[in-house]
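A.B. asks: Take the sequences, apply the hints, and build the full model.
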Amino acid sequence: MKLKFILTLWIFIFAVVLVEGCDNPPDMENAFIPEENKKAVYDNGDVVKYQCHAGFISRGSVQYKCVNDVWERVGFRTCQPKPCGHPGDTLNAAFRLIKGTDFVFGSTVQYICNEGYQMASRISTRNCRENGWDNDLPHCEVVTCVPEELTEGVTSNVGSDPVTYGGVIQFQCNLPNSKLDGSEEIFCTANGQWSSKFPKCIEITCDAPTLTHGTILNDQPTYRNNDDLRYNCDKGYKPLERPIAKCTKRGWSPQPQCQEVTCEKPVNSDFGDYSKSIYHVGEQAILKCQSGYKTITNTRSVTLTCTDNWTSETKGWSMNPYCYPITCQRPRGKGLRVKEVDSWGVYPRAVFNYDQEIVYFCDSGYKPETHQRAKCKFDGFEPEPICHEIVCDLPIIENGRVTEKAKTQYKHNQGLNYQCDSNFEPERPQRLTCGKNGWDKLPSCTAKHGMCTKPNLPNGYFSSKKEVYDNGSNVLYACSPKYKPSTEGWWGTIQCISGQWSETPQCIPEDSCATLPTVINAKVKDNKSSFFPHGSSVHYECLEPSEFEKESFATCTEGKWKVPNCILRVKYCETPPRVEHAVIMEPFQRFYRDGSRVEFRCEETYEIKVEYMFCEKGKWSQKPQCILQTKPCDEPPYVDNAISPPRQSVYENGSKVEYKCHTNYKIKGDKDVFCENGQWSQIPECTLFERTHDNCGEPPALLNGDTISERPQNNVYKHGDKVKYQCTRFYKISGSSEITCQQGQWTKLPTCHLTDMRSSSKVPKKGGTLSGHHQKEVYDSGSTVYYACSPKYKPLTEGWWGTTQCINGQWSDSPQCISFRARSYHCDAPPHIEHAVIIAPYQRFYQNGSRVEFRCEETYEIKGEYIFCENGEWSQKPECILQTKLCDAPPHVEHATIIGPLLNEYNDGSQVEYSCEETHEIQGQKLIFCEKGQWSQIPECINDNCEDPPALENGDTISERPQNNVYKHGDKVKYQCKQFYKMSGSSDITCQRGQWTKLPTCLRKDCVDYKKTAKITPHYPFKKTVYTSKPRTSAHCPECASPDTHLNGESQIFCTTNGNWSSPFPTCKVLSCGSPPDVHKGKLLSPRKKSYREGEKVEYECENKFHFQGQSYVQCRRGRWTTTPVCCLAPTFCGQPPVVTNADIEGWTKSSYDSGDRVTYRCQKFYEVEGSNTITCTRGEWTTLPKCLEPCTVTLDDMKRNNLRLRFRESELVFIKHNEYCEFACIDGKSLKGNNPLRLKCNDGKVNLPVCG
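Letter by letter, the sequence shown follows residues 1 to 1253 of our numbering.
These are calculated hints, taken from the structure and not from any lab test. Be a bit skeptical, because a hint or two may be false.
[Said to hold, decoys possible] EDC-like mimics (lysine to aspartate or glutamate), calculated; alpha carbons at most 20 Å apart, straight line:
| no. | residue 1 | residue 2 |
| --- | --- | --- |
| 1 | K339 | D355 |
| 2 | K722 | D694 |
| 3 | K732 | D706 |
| 4 | K1241 | E1220 |
| 5 | K276 | E260 |
| 6 | K926 | E913 |
| 7 | K1090 | D1078 |
| 8 | K1241 | E149 |
| 9 | K441 | D393 |
| 10 | K972 | E918 |
| 11 | K82 | D134 |
| 12 | K448 | E398 |
| 13 | K1083 | E1099 |
| 14 | K179 | D228 |
C.D. replies: Below you can see the structure in the form of structure tokens.
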């Protein structure tokens, strides 16, 4: 048995191993193998097909295949739940998936009615079955509320019919003195119940309120309709609104309430700056206004105090807490005209805004104080627009006089004539005109060329009485008692040099010091003064090798100097020894420090041997020597076309030879040539001389000058030719600067003289030596010259050599050499004589035998005119005696009398006054003076009256006659012409010096025809050129057909009685406007242009918080802009809420809303709200309005037109809310065309349907 089992098992195993193929196929989700496809054994290559369970589908066959004894999937198809499509929409409801996640087999959707609707169907769900959705679409019906019966006196806006969801019932109480007890309106809620109970009518009563921080004045338990409740608030508190409340059906109005007194930041505080919003009593706030605004106190900032005195104006503040716009009144003033530059002209504006600029100009005869532009600023216009009347004061004319009746002031364009005095230029009468910037020129009377006017000398007098001095004149002066000249000596000298005085004369107090003192071996350290008052000091410094013994200052004491002393404390050398024919090249010194070096220079023709000497241990080194040096010259050089001078064996230094030219040749240069230390001076030339009997040769040479005229082209000077000369530097011309060729001869040659600002260096009469190898003839001002004297002579000054300096054309000291044997008798400066001056320049020393001439001041007579220096002393000094002369009786003047008694004699200085008869006027000064026996200029009495004014043909006088019927000089008479006549010339005539000025004429008034203006056709009653009556003329513009043109001017004009047309002749003008006006707190909505056509409009918009008062645009009409819009600050309250399309306002609306009030909108059915559905009143403006976005509507006709159907349901009308999707499908046999998808999204009522074709 056991063996049999083993054998059977082995046979089975062997059989299994030998069998090939696959066992049962695998299971698949939602699918099965049909019985007819099942097999016990599946061979390799067999394919098994699956079938989906009910409710599931696959896109194609689901298969497995046996491959190598293993099942393999064929493709990736599976069995998916069968879709049912969209379950369908129902009105007033929405659905949601409560089973599954998509609209496929096995899912369930549940329908939920919208708020205010209730389910009317028994079943509210639909299930996706094998054959689609089961059950019908549920139906939702609106919820309704049944009105209750109304109580007595109550009425409503509805009857007894049910009210649908959201419907509102409004109630009123018709009983007198009654009110509703309950809500004035109720609405039907979503659960079918009323939002509140139905109200009833009750009597209007108000309970006594509980008043905190206050006292009721008429306290009682109950108040009836319209009863007043009066109350007071405690200190520090105020009524919320007013201290009286009225009992109304809505309760107390306003609510009695006491609130703490506080001060709030003003509504328009944007113009100011507050640190917080609420302030308590006693607290302070600083109100700072922004640019362009100011406080009630006209300041930029102000400190406010919160008080318990609350008024509507101050709001509890100590003063008005607002910032007001800065404005400026239109400036007004005499001669001032304001022009506000704008797009088309001048605005007659009275008030200007802050920072607004004006342009102003002044009338003729006025001028602006500053710029002609000004801006409106805090304190008004800056700079202030002012026009000053142009006036010129009577000028002071030095050395001249006004030649007409002078006035103190002259207006614009008025003039005056003046004449310069004798010896002053210009000589002819001159005229000044008062211009915009004063006189058109300064009156000037200057001394004639080269002359000097008498200078001003306070506290002094001059030797001459002249007012003008010739060039080169010397004037001597002296000072009054207790004064002296600022120069050394008690009198001074000045010289007129080319129109300028050599120095300015000055008289200083007698106790002052004039020139600085000389301190031996010292020099002034620092000084810039011209004279030194009593007590002043000057700092000196000692020259090496000396040093101060004590102080280093020189002090002026009572007109005399107290000088310091420089002493030697080291080894020194005395003055260097004299060297014949030599001079030392530095000023004289008495001492020299050890180591000093002195330079010597020899006289001309001498050569120095050893140029320097040195001070060594108190002794000078080897003395220099000047050796005479002369060099002869060679034979004079040959000159072409010249006769050679006679030959000599030797030409010594200083020899002269003369050259002469052959016939027909002329010499060019100096004919005499000199031997100068071995060299000949400049050699002349002989040039050909060609001329006719009228031609001239070369112009002669001018010593120290040259010609400045151009030569003739052919180098020939003919009869009448002129040659002009000029002198070289430091020389001036004497005589005519031009010479003329006259019949072969030149006229007289001018000469060149040294100018007054240069001096010739003269060698002393008895011999002397000047420094330098070449003695100059002219020295610049400021040059220093050193000189020494010949043997047996010495300088007049201290030392054996001297120094002089050229100062303004004069030498500081006249160099003099005197004999060693001469006695040193000399006199100091002459004594001071009161009221006298010496007629010679000041000198410190005078030689024995000198004579000095004195001259007395005016009104003084001299006694003893001269004094003499005799053996070192002056002879008896002169005396100036006051001389007075009497005047005879004043001369008789026609038509004049003398005021006061008439005497036979008058003392010097007496005055007499003349008075003219009534019919005469005085010419000249009415006062005359006795001056040194002579009367000053005598006046005249002139009859300036005029006869009666002449008659005017066709005219008459309109001026009143003088009271005494006498027309005086300067009186005016005014004329006017008769009717139909007009005046030619000035209407005024003036009496001038007994004669009337020119009389006007009266001409007949005629209107003259005008030249026809282009495009205008005038119509005349009759044709003629001149109209003397009143023919009326009309004009129109037939060719101005364009709407952009119009008649500029009157359409009718007529000839007036004054001979002029009533209006200017019209023209056709293109209508346009310039740039539109600016709007304060507003701006243009379009770019600004330079020009706008007739009828064109320009829109503006106001800035934030401002709104238009009136229209918001301007329009170009007849070339002008219409009224400029005005932007005003927005109010603090709002009007009725604006209408929102497709929306209703919840609740009742009011005519006005306070700031902070809110209003809520509700969009209509199928409309979606965008933004907040609540708006708020803020400072007079509503916040942003909401928007109700439209649903999209698709009708059956729309779908048929585009071959469409709804994919998931059938409907004739589809509503798609904003932002929701709707899916379409093409009808059978049609396919999608274009790019629009079949699934669409609604956007505010707009949807683009796809098209199938």
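A.B. asks: With reference to the structure, classify each hint as holding or not holding.
C.D. replies: Hints, verified against the model:
| no. | hint | verdict |
| --- | --- | --- |
| 1 | K339 x D355 | holds, 16 Å |
| 2 | K722 x D694 | holds, 14 Å |
| 3 | K732 x D706 | holds, 12 Å |
| 4 | K1241 x E1220 | holds, 6 Å |
| 5 | K276 x E260 | holds, 17 Å |
| 6 | K926 x E913 | holds, 6 Å |
| 7 | K1090 x D1078 | holds, 14 Å |
| 8 | K1241 x E149 | violated, 49 Å |
| 9 | K441 x D393 | holds, 13 Å |
| 10 | K972 x E918 | holds, 19 Å |
| 11 | K82 x D134 | holds, 14 Å |
| 12 | K448 x E398 | holds, 14 Å |
| 13 | K1083 x E1099 | holds, 9 Å |
| 14 | K179 x D228 | holds, 18 Å |
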